[in-house]
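**Student:** One letter stands for each residue in the lines below.
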Amino acid sequence: MARDGSLFAYILTRMFLAIPMLLILLTAVFVILRVLPGDPVLALWGGRSPPPSAIEAARHELGLDQPIAVQYLTYLRKIFTGDFGVSIGGTYTGQSVWSLISGRFPATVEIAIGGMLVASLVGIPLGVLAGAHRDKPVDLAVRIFGTIIWVIPIFWLGLVLQLIFGVWLRWLPANGRWSGADVPCTAPSSCQVRTGMYTVDSLIERNPAHFVNAVAHLLLPSLTLGLVLSGFFAKTVRANMLRTISADFTEAARARGVPGRAVVYKHAFKNALVPVVTVLGLQFAILFAGAVLTEKTFSIEGIGILLLNAVTSKDMSVIQGVVVFYATIIVVISLVIDVIGAMIDPRIRL
Amino acid sequence: MSDTVLEASRLRVYYSTRRGPVKAVDGVSFELSRGETLGVVGETGCGKSTLGKSILGILPPRTTVEGTLRFLGKDLASLPREELRKIRGKEIALIFQDPMTRLDPLFTIEDHFVETIRAHEDVSKGEAIERAVKALASMGIPESRLKHYPHEFSGGMRQRIMIAMSLVMNPKLLIADEPTTSLDVIVEAQILEILEDLRRVYKMSLLLITHNLGIVAEVCDRLAVMYAGKFVELGGVRDVFRTPVHPYTQALLASTIHLESKELFSIDGLPPDLIDPPPACRFHPRCTYAQEICRTEEPAWVEYRPGHFAACHFGKDFL
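Line order of the protein sequences matches chains A and B. Under the working numbering, think of the first position of the first sequence as 2, with each following residue one higher. Under the working numbering, think of the first position of the second sequence as 810, with each following residue one higher.
Since the hints were derived computationally from the structure, they do not count as laboratory data. None of the values given here were measured: they were computed from a predicted structure. Some hints could be false.
Said to hold, decoys possible - In silico DSSO-like links for lysine-lysine, alpha-carbon gap of 30 Å or less:
| # | chain 1 | residue 1 | chain 2 | residue 2 |
| --- | --- | --- | --- | --- |
| 1 | A | K271 | B | K934 |
| 2 | A | K297 | A | K137 |
| 3 | B | K981 | A | K267 |
| 4 | B | K1012 | A | K271 |
| 5 | A | K137 | A | K315 |
| 6 | B | K1125 | B | K1012 |
So here's chain A without its partners, still in its complex pose:
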């Protein structure tokens, strides 16, 4: 058996399996959006009843008069050619769905990664500590923290942090993504590539002041999102640590004379990590769909706000575009989760 070869083979297999998974998700999105009540054509008229001839024309234009099989194939073809259509109503009428998504996605990615970093850096060590010192004061403190922080409404925590650090102390900007007009990489030919993520773009520009500006705006939203999630992370890690710390192989490791720290941090922690990676990874994927409450609290135009506006104005093409985009991200992230899992646990690479 080739040891590294089996991991590589696993990754390849897993990538191929992602294709049917994506197709199933896309089909589910297609079916659900067509089964849901609410006629997108009527929504175009904003509740007033349009003349029948106009309805017919709109239906023809949207391709809704075609047989369902044709609609489905057209839908798939357009997605795979990157044509997400045009917004058909409300706030964004006439704008390209793809540009709506790609314009907002970088902001969401930044908060998602920032929140994930905070949640992991706070939650995982707390969970390990609590698990290693079960029923001791540390454990009790972590459990109380975890429960309280997890039930705090996220917008409330956001408002409190804004009030303390943005208004009273004036250490950090209270909202938005940027102070000033010179958003990174917008000056002509200042960057070769532009990601739309201000942190990354300011690094591409090699502009430290811009980087500080971007990070300062990111701190409070990341902290808000991350702290709430850290409670959940700590609980998940703790539960898995308790399981592995009393496992047979941990007892056997102690019997071999392995020092206590190595037993906890090497054997128990690494084994606890496999299910934790799955849970935390899926949580990360959910963040990518947009943390709408955090975005709203900090006035950040991300995917969450886009979806919220599209839903309230029954903007079917934007909803469909965001959901398809989200489905793709879920497929990609679950692929990454499985690969990380296989890297940790040799039994997964079969």
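We have chain A already, so just place chain B on it with the hints.
**Tutor:** Here is chain B on its own, set in the frame of chain A:
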């Protein structure tokens, strides 16, 4: 005296639970000499595994241990944690019952060996691997499998790996907790042979915990019979097998299968609850000879023959 490797006296191990303390080991005393094999026999849940773990000091937190355990004259309870850790795996090694779950699934066999050796000796990784190869070879496992993970081995191979790992530091005392229970008969025979050889070659003392009397007869010098956290009989294998004193020992011996008689004898009733064990003689609810005194008075630990002890009020009647 200098030949005594392990000495337990009035050893008690109580696990704390919501319902109260579980008296898993309740006043056990014995000695084990250099190169000797002592078998500890009893039903599931009589406390024999706890006895093994208490010697290594790997009981779960909040477990009460009383009495003394002396290893080569040192009182194990008085040793600092770090000293105790250094004894574990180096001077006293433990082989577990279930080899399938005792190796960390995320680490290779090589990782396990290197970790064990370097926990006790300051040697290079290369030297540790060299020793691992030798230890594994003596158990018939080729060097090519060093980088394999536990799930890639069969149960018998894993148990041989566990044994090789226990022996790599040349321990003075090996505790084997049902080392063959989860294995098939052929592998069992191989493992027993290995244990026999080890004791002969290295003069290692062996505490063999089992419920299989056949294994005891084959491998052990002396035999202790454990019931509900207490030793009820202790003596040379020949003595105990030929003239068992305690009714529980008699019943255990009677319940093994003989070729001549096709009947199978079994002991009525269930092993007692160790949170609330029967008073006085713990075997009295299941004992066919029980009298009033068995319910009210704890029987004394009496030496019936040189080196042959038992705790029964009517021990003399069975001689």
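**Student:** None of the hints should be skipped; say for each whether it holds.
**Tutor:** Hints, verified against the model:
Distance check on the hinted pair: K271/A and K934/B sit about 21 Å apart at the alpha-carbon level, within 30 Å; holds. Taken as a hint, the K297/A and K137/A pair is broken in the structure, with Cα atoms around 39 Å apart against an allowance of 30 Å. Annotation: proposed proximity of K981/B to K267/A holds, straight-line Cα distance about 28 Å (limit 30 Å). A C-alpha spacing of about 38 Å is found between K1012/B and K271/A, which places the hinted pair above 30 Å, so the restraint is violated.
Restraint check: the Cα-Cα separation between K137/A and K315/A comes to about 53 Å, which exceeds 30 Å; the hinted pair is violated. About 36 Å separates the Cα atoms of K1125/B and K1012/B, which puts this hinted pair outside 30 Å; it is violated.
This entry does not satisfy hints 2, 4, 5 and 6, going by the numbered hints stated previously.
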